[in-house]
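**Q** Letter by letter, the chains look like this.
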Amino acid sequence: MNGIAQEKIIFTGPVGAGKTSAIAAISDAPPVRTDVACQGGERAIKATTTVAMDYSYIQLDDGRRVHLYGTPGQARFDFMWELLTRNGLGLVLLINNDHPEPLQQLDFYLDAFADFIRETGVVIGVTRMGIADRARLDDYQARLFERGQVYPVFEIDGRRGEDVRILVQALLAVLTI
Amino acid sequence: MDVIEEIFRDQPGGDEQAMTASDEGSRVLRARLEQILDGLREDCSDVVGAIVSGVDGMAWAQRLPAGFDQNRFAAMSSALLALSDNLVKEAGEGSPRKVLIEGEGGNVFLMHAGERLLLTVFTRADSNLGMSLAHANHAVEQIARLVAKCED
Amino acid sequence: MSNEAELRISPVGLDATGHKVLQVVLALLREEDGIPCGLLADGDASGHLVIVDMDSPQGRAAFTALAAGQVKLLLGGPPASGRNIVSLAKPVNVNALRDMLGRICRRMRDQLEASVHDLPAPADTGSSAAATPDLLTLLGNARREGAILALAIDGKDLLLVNGALRVFAAMVEDAETRLFAAKPETLVSRPLEARTFEALTQQRTLGALDNLLWECALHVEPDRLPPGIGEETPVRLKAWPNFTRQGFRNDYFRIAAALARQPASCAQLVEITGLDRRSVVGFISACDAVELLVALPPAGADPEKVTPLHKAASPERRGLLARLAQRLGLAQA
Numbered sequence: 001m002n003g004i005a006q007e008k009i010i011f012t013g014p015v016g017a018g019k020t021s022a023i024a025a026i027s028d029a030p031p032v033r034t035d036v037a038c039q040g041g042e043r044a045i046k047a048t049t050t051v052a053m054d055y056s057y058i059q060l061d062d063g064r065r066v067h068l069y070g071t072p073g074q075a076r077f078d079f080m081w082e083l084l085t086r087n088g089l090g091l092v093l094l095i096n097n098d099h100p101e102p103l104q105q106l107d108f109y110l111d112a113f114a115d116f117i118r119e120t121g122v123v124i125g126v127t128r129m130g131i132a133d134r135a136r137l138d139d140y141q142a143r144l145f146e147r148g149q150v151y152p153v154f155e156i157d158g159r160r161g162e163d164v165r166i167l168v169q170a171l172l173a174v175l176t177i
Numbered sequence: 001m002d003v004i005e006e007i008f009r010d011q012p013g014g015d016e017q018a019m020t021a022s023d024e025g026s027r028v029l030r031a032r033l034e035q036i037l038d039g040l041r042e043d044c045s046d047v048v049g050a051i052v053s054g055v056d057g058m059a060w061a062q063r064l065p066a067g068f069d070q071n072r073f074a075a076m077s078s079a080l081l082a083l084s085d086n087l088v089k090e091a092g093e094g095s096p097r098k099v100l101i102e103g104e105g106g107n108v109f110l111m112h113a114g115e116r117l118l119l120t121v122f123t124r125a126d127s128n129l130g131m132s133l134a135h136a137n138h139a140v141e142q143i144a145r146l147v148a149k150c151e152d
Numbered sequence: 001m002s003n004e005a006e007l008r009i010s011p012v013g014l015d016a017t018g019h020k021v022l023q024v025v026l027a028l029l030r031e032e033d034g035i036p037c038g039l040l041a042d043g044d045a046s047g048h049l050v051i052v053d054m055d056s057p058q059g060r061a062a063f064t065a066l067a068a069g070q071v072k073l074l075l076g077g078p079p080a081s082g083r084n085i086v087s088l089a090k091p092v093n094v095n096a097l098r099d100m101l102g103r104i105c106r107r108m109r110d111q112l113e114a115s116v117h118d119l120p121a122p123a124d125t126g127s128s129a130a131a132t133p134d135l136l137t138l139l140g141n142a143r144r145e146g147a148i149l150a151l152a153i154d155g156k157d158l159l160l161v162n163g164a165l166r167v168f169a170a171m172v173e174d175a176e177t178r179l180f181a182a183k184p185e186t187l188v189s190r191p192l193e194a195r196t197f198e199a200l201t202q203q204r205t206l207g208a209l210d211n212l213l214w215e216c217a218l219h220v221e222p223d224r225l226p227p228g229i230g231e232e233t234p235v236r237l238k239a240w241p242n243f244t245r246q247g248f249r250n251d252y253f254r255i256a257a258a259l260a261r262q263p264a265s266c267a268q269l270v271e272i273t274g275l276d277r278r279s280v281v282g283f284i285s286a287c288d289a290v291e292l293l294v295a296l297p298p299a300g301a302d303p304e305k306v307t308p309l310h311k312a313a314s315p316e317r318r319g320l321l322a323r324l325a326q327r328l329g330l331a332q333a
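Chains as they are written, first to last, in our numbering: chain A, 1 to 177; chain B, 1 to 152; chain C, 1 to 333.
Hints may be right or wrong, so weigh each one.
Straight-line C-alpha distance at most 20 Å; calculated EDC-like pairs for lysine to aspartate or glutamate [as the list claims (entries may be wrong)]:
hint	chain 1	residue 1	chain 2	residue 2
1	C	Lys238	A	Glu146
2	A	Lys8	C	Asp251
3	C	Lys238	A	Glu155
4	C	Lys238	A	Asp138
5	C	Lys183	C	Glu145
6	C	Lys156	C	Glu145
7	C	Lys238	A	Asp139
8	A	Lys46	B	Glu34
9	B	Lys149	B	Glu34
10	C	Lys238	A	Asp35
11	B	Lys89	A	Asp35
12	B	Lys98	A	Asp35
If you're looking for bench data, these hints aren't it; they were derived computationally from the structure.
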């Protein structure tokens with residue numbers, strides 16, 4: 001039994017990719033957050049990190065809501081990944097291009113969410129390009145092509161609503177074609 | 001080599017090993033925390049295991065039964081506590097204190113231990129809740145004192 | 001043999017040895033075998049018969065743009081087969097090449113005399129060597145060949161293009177607008193040395209050539225497909241265009257979603273997406289200009305590189321997603 005279908009889009013990706021900001025940029029209410037201070041080595045990446053989820057929603061004109069969930073980034077929270085993606089509409093994967101091995105991150109998350117992606121769809125947003133160009137967009141495109149998965153991958157500024165909306169537009173196209 | 005590179009080089013997903021102390025201070029701290037947990041188990045026979053972890057989901061010290069993955073519990077505890085904190089605050093009931101989970105085979109207490117740490121305690125099913133909680137509180141106080149001392 | 005039946009042969013990507021061998025063979029064919037054939041300029045791929053060195057990047061790149069009707073003799077590279085394709089291994093032997101070319105030429109000559117309609121030309125007209133290349137073709141070729149050139153109208157340089165570095169520089173304020181609006185006949189392009197390009201663009205901002213190509217394709221809105229791609233030619237999308245940093249028509253999302261899943265032809269895409277043919281042609285032209293698209297041999301799609309199909313969305317879901325699009329201010333395709 002499925003229960004009431006939750007219409008939700010899940011945002012995931014590594015620490016510092018901008019999942020929380022991206023949700024805030026397009027949602028209709030300030031997101032519920034579960035941010036805590038980073039300790040240990042992760043402090044150098046970010047001051048805070050999400051440990052359970054971010055939550056907000058987009059209100060539709062017929063009264064329904066599309067829920068937006070942001071997952072924690074670290075692999076130790078993968079039980080949350082499974083929980084949050086259950087019955088979801090699709091996935092927005094944000095990759096932090098300022099990370100030492102962004103393409104490795106891409107592989108990791110695409111593999112980790114492979115089952116969910118197979119059932120629904122994914123779009124990829126690369127944030128923090130131009131800050132330290134570890135990889136260029138061509139590199140992401142080439143990697144996806146190698147994987148035989150020509151998913152949409154766009155350069156985005158995670159705080160710009162316009163960019164996040166374009167990501168969602170691509171996701172909708174993928175889900176309805 | 002760059003510290004970040006070292007951390008992330010072989011572990012996409014940003015996961016580190018449970019804090020393997022790289023300096024004397026951390027080793028000492030972990031040993032002291034383990035002592036507190038040993039004391040907890042000795043003082044309270046209902047306690048079958050306990051773990052001290054950070055609010056960010058990393059394990060700091062543990063005395064868990066065989067087969068318990070400290071990393072998973074550390075992560076789950078932080079997620080649960082964070083969500084519970086939200087719930088309690090949203091309900092206007094002030095600051096959260098503890099989370100009590102009653103299971104068929106046993107109970108779990110989650111509680112803040114100072115600002116950055118949390119204590120998760122696993123007890124038997126038929127345990128005396130009041131007693132277990134009291135002992136857990138005592139352990140939390142000890143942890144908070146210990147951490148305060150370390151930060152001096 | 002009438003002169004009009006001379007076969008035009010295109011050499012593409014050949015090295016010095018290849019050229020020498022080819023010259024010798026053609027001389028033999030003309031003088032001893034009585035087959036009139038003419039050699040086009042190196043890199044001019046518009047001949048009836050195209051000899052492509054598949055070991056060179058130039059050759060490989062040009063190969064994908066060739067028309068189905070052109071006969072392709074491939075030198076080197078992996079053995080290929082298909083309609084109008086034949087391979088010769090390297091090192092190329094004069095006798096082997098003469099024999100192969102002789103047979104091909106005789107066959108083609110017979111066809112030529114039999115019917116004018118057999119003249120192999122790209123499916124859409126206007127791209128033979130004699131026609132004036134339009135801006136999109138000029139820029140696209142520069143990118144493909146890594147060429148450096150200046151584009152001028154009325155003797156005034158408007159734009160400098162460096163295909164090797166994939167950048168361009170506007171030399172006047174509204175260079176792009178004027179170029180997009182200009183008639184192809186008024187465009188004059190001349191090659192530049194790398195040093196000259198550098199000197200002339202010292203004080204100028206350089207833009208990404210791909211962005212210019214994309215804007216050009218969007219603006220020009222071709223109503224015919226690029227050379228080498230016919231209505232029924234299956235094309236494969238290598239990557240989604242970067243829609244957040246390049247312009248788009250809302251239809252493009254739908255076309256990209258369809259094409260990313262598996263190769264399809266222009267005709268098939270119109271059917272799958274239910275969109276206007278013009279949108280599909282526009283998308284294909286734009287992607288082709290920035291080499292995001294590969295035309296496949298008519299033999300069909302490459303079964304390995306197929307992005308897995310997602311489950312089709314239910315009607316209720318579609319309704320919800322349509323409302324979401326509306327709410328976010330996204331026009332729906």
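**Q** Could you run down the list of hints and mark each one as holding or not?
**A** The hints, checked one at a time:
A C-alpha spacing of about 10 Å is found between C/Lys238 and A/Glu146, which places the hinted pair at or below 20 Å, so the restraint holds. The hinted pair formed by A/Lys8 and C/Asp251 fails the criterion: a straight-line CA distance of about 24 Å is larger than 20 Å. At most 20 Å may separate the alpha-carbon atoms for a hinted pair to count; C/Lys238 and A/Glu155 meet this at roughly 17 Å. For the given pair, C/Lys238 sits about 10 Å from A/Asp138 by alpha-carbon distance, which is consistent with the 20 Å threshold.
A hinted pair counts as satisfied when its Cα atoms are at most 20 Å apart, and C/Lys183 with C/Glu145 does not qualify at roughly 24 Å. Distance hint between C/Lys156 and C/Glu145 is unfulfilled; the C-alpha atoms sit about 24 Å from each other, more than 20 Å. About 12 Å separates the Cα atoms of C/Lys238 and A/Asp139, which keeps this hinted pair within 20 Å; it holds. This hinted pair does not check out: A/Lys46 and B/Glu34 have alpha carbons roughly 29 Å apart, beyond 20 Å.
For a cut-off of 20 Å, the pair hint linking B/Lys149 to B/Glu34 stands: about 16 Å separates their Cα positions. A C-alpha spacing of about 38 Å is found between C/Lys238 and A/Asp35, which places the hinted pair above 20 Å, so the restraint is violated. Between B/Lys89 and A/Asp35 the CA atoms are separated by roughly 14 Å; this keeps the pair inside 20 Å, and the hint holds. A threshold of 20 Å between alpha carbons decides the hint, and for B/Lys98 with A/Asp35 the separation of about 18 Å falls inside it, so the pair holds.
Going through the hint list in order, the structure does not satisfy hints 2, 5, 6, 8, 10.
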